[in-house]
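Participant: These are the residues of each chain, in order.
Number of protein chains: 2
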Amino acid sequence: MKKLRVGMLGLGTVGKSVAEILIQNQSWIAGRAGASIQIVRALVRQTRKRREGAASKIPTTTNAQDILDADDIDIVIEVMGGHEPAYGYITQALKRGKAVVTANKAVLAAHGLEIAKVVQQHHAAIYYEAAVAGGVPIIRTLRHSLISDRIQRIRGILNGTTNFILGLMEKGEGYDTALRQAQKEGYAEADPTLDISGADARDKLAILIQLAFGLDVHPSEIPTEGIGSLTPEVLADARQLGYRVKLLAIAKRVGNKLEARVQPAFVPFEHHLSAVLDIENAISVDSEALGTTLYVGPGAGGMPTASAVISDLIEAAQQQGVKNAMSLRSQRTALKLAKPEAAISAFYVRFLVEDRPGVLAAITRILASNNVSLAAVLQHERGLDDEPVALVILTHPTTHGAMSKALNKIKQLPILHGGLSVVPIEEQRVTKVES
Amino acid sequence: MKKLRVGMLGLGTVGKSVAEILIQNQSWIAGRAGASIQIVRALVRQTRKRREGAASKIPTTTNAQDILDADDIDIVIEVMGGHEPAYGYITQALKRGKAVVTANKAVLAAHGLEIAKVVQQHHAAIYYEAAVAGGVPIIRTLRHSLISDRIQRIRGILNGTTNFILGLMEKGEGYDTALRQAQKEGYAEADPTLDISGADARDKLAILIQLAFGLDVHPSEIPTEGIGSLTPEVLADARQLGYRVKLLAIAKRVGNKLEARVQPAFVPFEHHLSAVLDIENAISVDSEALGTTLYVGPGAGGMPTASAVISDLIEAAQQQGVKNAMSLRSQRTALKLAKPEAAISAFYVRFLVEDRPGVLAAITRILASNNVSLAAVLQHERGLDDEPVALVILTHPTTHGAMSKALNKIKQLPILHGGLSVVPIEEQRVTKVES
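Residue numbers (the working numbering), protein chains in the order written: chain A, 1 to 435; chain B, 436 to 870.
Hints in this document: simulated from the structure, not taken from any laboratory.
For glycine and all other residues, C-beta sits at the position ideal for the given N, C-alpha and C.
Take these hints with a grain of salt, some might be off.
As the list claims (entries may be wrong) - Quick partial rundown of chain A residues pointing at chain B, CB under 7 Å, derived from the structure:
#, residue
1, Arg32
2, Gly135
3, Thr141
4, Ser145
5, Gly228
6, Pro232
7, Gly291
8, Leu294
9, Met303
10, Ser307
11, Ile310
12, Ser311
As the list claims (entries may be wrong) - Selected chain B positions facing chain A (in silico; Cβ < 10 Å):
#, residue
13, Phe704
14, Leu725
15, Gln753
16, Ile779
Unchecked claim - Here are the simulated lysine-lysine pairs, BS3-like style, with alpha carbons at most 30 Å apart:
#, chain 1, residue 1, chain 2, residue 2
17, A, Lys3, A, Lys57
18, B, Lys492, B, Lys530
19, B, Lys552, A, Lys2
20, A, Lys2, B, Lys692
21, B, Lys438, A, Lys117
22, A, Lys252, A, Lys336
23, B, Lys840, A, Lys2
24, A, Lys3, B, Lys552
25, B, Lys687, B, Lys771
26, B, Lys492, B, Lys438
27, A, Lys257, A, Lys339
28, A, Lys57, A, Lys117
29, A, Lys2, A, Lys57
30, A, Lys117, B, Lys530
31, B, Lys437, A, Lys95
32, A, Lys405, A, Lys257
33, B, Lys844, B, Lys774
34, B, Lys530, B, Lys437
35, A, Lys405, A, Lys252
36, B, Lys771, B, Lys840
37, B, Lys840, B, Lys692
Put together the whole structure using the sequences plus the hints.
Facilitator: In structure tokens form, the structure reads like this:
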């Protein structure tokens, strides 16, 4: 039987799980891969560190060249994460003709184009199922099952941490309490900025866009809004109106333009994406021939991610010798990124205003003069004397640009008492709003 | 560029869509497949029939051997459907070393074992993504992404027609009206028996079991109950209790046994499978490393099915020369089919009974003596004098065997006025029943 020798870059949570699956299911995986797979050595920070289980049997090194330059290694698994030195290592391995399996979304999102060039020039192969939505096989599905189809839209819940936090906030928890709970459960890092700001979801969206639409988009080009400004009041309003708030990563073909953004949005209860709870991830794909398909599963965690890495490894083994395998992008298109202002949504807007006559008129006048028309107005119960009250407005679909212009003017009104929340409505409910 | 010559068996709805996609996207598909793909000829019933669009450009024959024996054909696409002669044709093509792409669930379900042997003996290759759940890429996902994982359970909504009918019944339509509506929309055949009886879902489940659990199961071994006995009252009760009724195909590993069945079941609103509406199909897979993943999409229709056929065709092209490709089963296991009576569920039971004292006591006594304990009892409003009333019982989890014994005894009670409905509850709601 053919032998495949694997070098690992990193032996953390994911790395250990990879080692465990590989060693525990050796003969079984060999049968499927058509080759016996052996981990030759792993790059670690400290060779002396005591390791448990399968990972303890793997020879370690602190010198990356022992993996990248080694003649006895065919495939490199990169599970160290972060931009550098991971990016350099991946490039080196590809240039030396090794197949690379990586879970590194940051590197792929920022350097997809450069890596694709290296893959092509060196007839190399790269696999990255684990980089987007962990255990959800979206990369393989886009590459294989949707290969003959023309993709129109992708909408994803690509960050489990924020989805978990939003779930708690929907039940009335404040943002800070919800975040602490996520940290306690191990779902959020000590520094949760990448998750909360939407940057993590944005990186994954960039990878999906490169693959599904053949567009070289850098993550920094994708307008991104995190969940930091959402309040329990907004989530309660959403619930009352029949929606959940989800942090959506959206890419949508409009003519020869591609709209792309990461932003919290209202999703109706009846929609599949609304049923994605806790740390689950989900991707909904609209394509020409197939219609709408949905993929849901665990977005993170050692075992799900490791499972994705192993499936890549087996495919790499099966395709040994196949050149340019699993390239990072579909065939190039003439698509260009659309201007963010041109995107069209209905909106939910929540104002905290003085409770006196003329307030609503002032606001609606500004909205109307910017071509934003109202679908519904809800005034929350009055507070005590002189307390500001919440005014909730649902608009008809309008451009994000028009909405933003109108809001800038409204913000200057003296009747506004802060607390302005604006959330696009991703899909409007068919049923009537109950007021 | 390498050339791949395709012969088609059948040129109906799916066949025409395949031809259309292939011809319209020729160069694009060639780029992905690494080969130019050409339809050489198609087997049809009448060569003289007038055909429109892409299909009109394909040379036709009424002699199957012009495809199966032809030296100028590398790949055979079987989209004629039905058991025979399709089964014989598939086998002949494989024996002659041609790769076969098929959408034929009936043949694969009934003859999976024999076909797998032919594939192995003749180092052939067969691809059948389109045979299960149309456009949902479940076969490829099981073969590639879940390849390293141990699958514990599969639950699917595998028949769009029945799902559509149940949706209408949930809104209060009677079974007959709902069926006629499905026929009018083109979702149900003139003879809808295969859908309604659960046989179609059962065939697909058999294919999934062969692939995911490595168990040679014949469709006839899978206990199957259709939707014919469901009434709008049952669906209304379900809705009131927070459930939808779905025709579920279930396969579940319990120790070294595999439970398998097709049966209507209560699914809580909060569950993803409950959000599968209209003619959508969905498959939920529980596996050891990955956890729960869900795949949803169009289960039928010319274009979705054709899209699955094309993705297979491209994979066949990429794997030309790879032997035993896409075999029909995972590695063999020691699993055996479990006795249907041993399956465990909570149950919903609806009785039509005489409205007099002692009725509930008589029923609960029989249930208790068969180890079926009650979770809730709901009595519907009284009717007119002497009219029988509906009694709804929810049980705690019990074996299907115990439930069935108890019901057989209850059926003999003179107080029962027909109208007995029994539906297992696939997952109990966490929240309390509102009575």
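Participant: Now, for every hint given, state plainly whether the structure supports it.
Facilitator: Status of the hints after comparison with the structure:
{"no.": "1", "hint": "Arg32", "verdict": "5 Å, holds"}
{"no.": "2", "hint": "Gly135", "verdict": "4 Å, holds"}
{"no.": "3", "hint": "Thr141", "verdict": "5 Å, holds"}
{"no.": "4", "hint": "Ser145", "verdict": "3 Å, holds"}
{"no.": "5", "hint": "Gly228", "verdict": "28 Å, violated"}
{"no.": "6", "hint": "Pro232", "verdict": "21 Å, violated"}
{"no.": "7", "hint": "Gly291", "verdict": "5 Å, holds"}
{"no.": "8", "hint": "Leu294", "verdict": "4 Å, holds"}
{"no.": "9", "hint": "Met303", "verdict": "5 Å, holds"}
{"no.": "10", "hint": "Ser307", "verdict": "4 Å, holds"}
{"no.": "11", "hint": "Ile310", "verdict": "4 Å, holds"}
{"no.": "12", "hint": "Ser311", "verdict": "5 Å, holds"}
{"no.": "13", "hint": "Phe704", "verdict": "9 Å, holds"}
{"no.": "14", "hint": "Leu725", "verdict": "4 Å, holds"}
{"no.": "15", "hint": "Gln753", "verdict": "8 Å, holds"}
{"no.": "16", "hint": "Ile779", "verdict": "26 Å, violated"}
{"no.": "17", "hint": "Lys3/A - Lys57/A", "verdict": "19 Å, holds"}
{"no.": "18", "hint": "Lys492/B - Lys530/B", "verdict": "29 Å, holds"}
{"no.": "19", "hint": "Lys552/B - Lys2/A", "verdict": "24 Å, holds"}
{"no.": "20", "hint": "Lys2/A - Lys692/B", "verdict": "34 Å, violated"}
{"no.": "21", "hint": "Lys438/B - Lys117/A", "verdict": "27 Å, holds"}
{"no.": "22", "hint": "Lys252/A - Lys336/A", "verdict": "11 Å, holds"}
{"no.": "23", "hint": "Lys840/B - Lys2/A", "verdict": "56 Å, violated"}
{"no.": "24", "hint": "Lys3/A - Lys552/B", "verdict": "27 Å, holds"}
{"no.": "25", "hint": "Lys687/B - Lys771/B", "verdict": "11 Å, holds"}
{"no.": "26", "hint": "Lys492/B - Lys438/B", "verdict": "19 Å, holds"}
{"no.": "27", "hint": "Lys257/A - Lys339/A", "verdict": "9 Å, holds"}
{"no.": "28", "hint": "Lys57/A - Lys117/A", "verdict": "36 Å, violated"}
{"no.": "29", "hint": "Lys2/A - Lys57/A", "verdict": "22 Å, holds"}
{"no.": "30", "hint": "Lys117/A - Lys530/B", "verdict": "42 Å, violated"}
{"no.": "31", "hint": "Lys437/B - Lys95/A", "verdict": "27 Å, holds"}
{"no.": "32", "hint": "Lys405/A - Lys257/A", "verdict": "22 Å, holds"}
{"no.": "33", "hint": "Lys844/B - Lys774/B", "verdict": "21 Å, holds"}
{"no.": "34", "hint": "Lys530/B - Lys437/B", "verdict": "23 Å, holds"}
{"no.": "35", "hint": "Lys405/A - Lys252/A", "verdict": "23 Å, holds"}
{"no.": "36", "hint": "Lys771/B - Lys840/B", "verdict": "24 Å, holds"}
{"no.": "37", "hint": "Lys840/B - Lys692/B", "verdict": "22 Å, holds"}
Of the numbered hints stated above, those contradicted by the structure are hints 5, 6, 16, 20, 23, 28 and 30, listed in ascending order.
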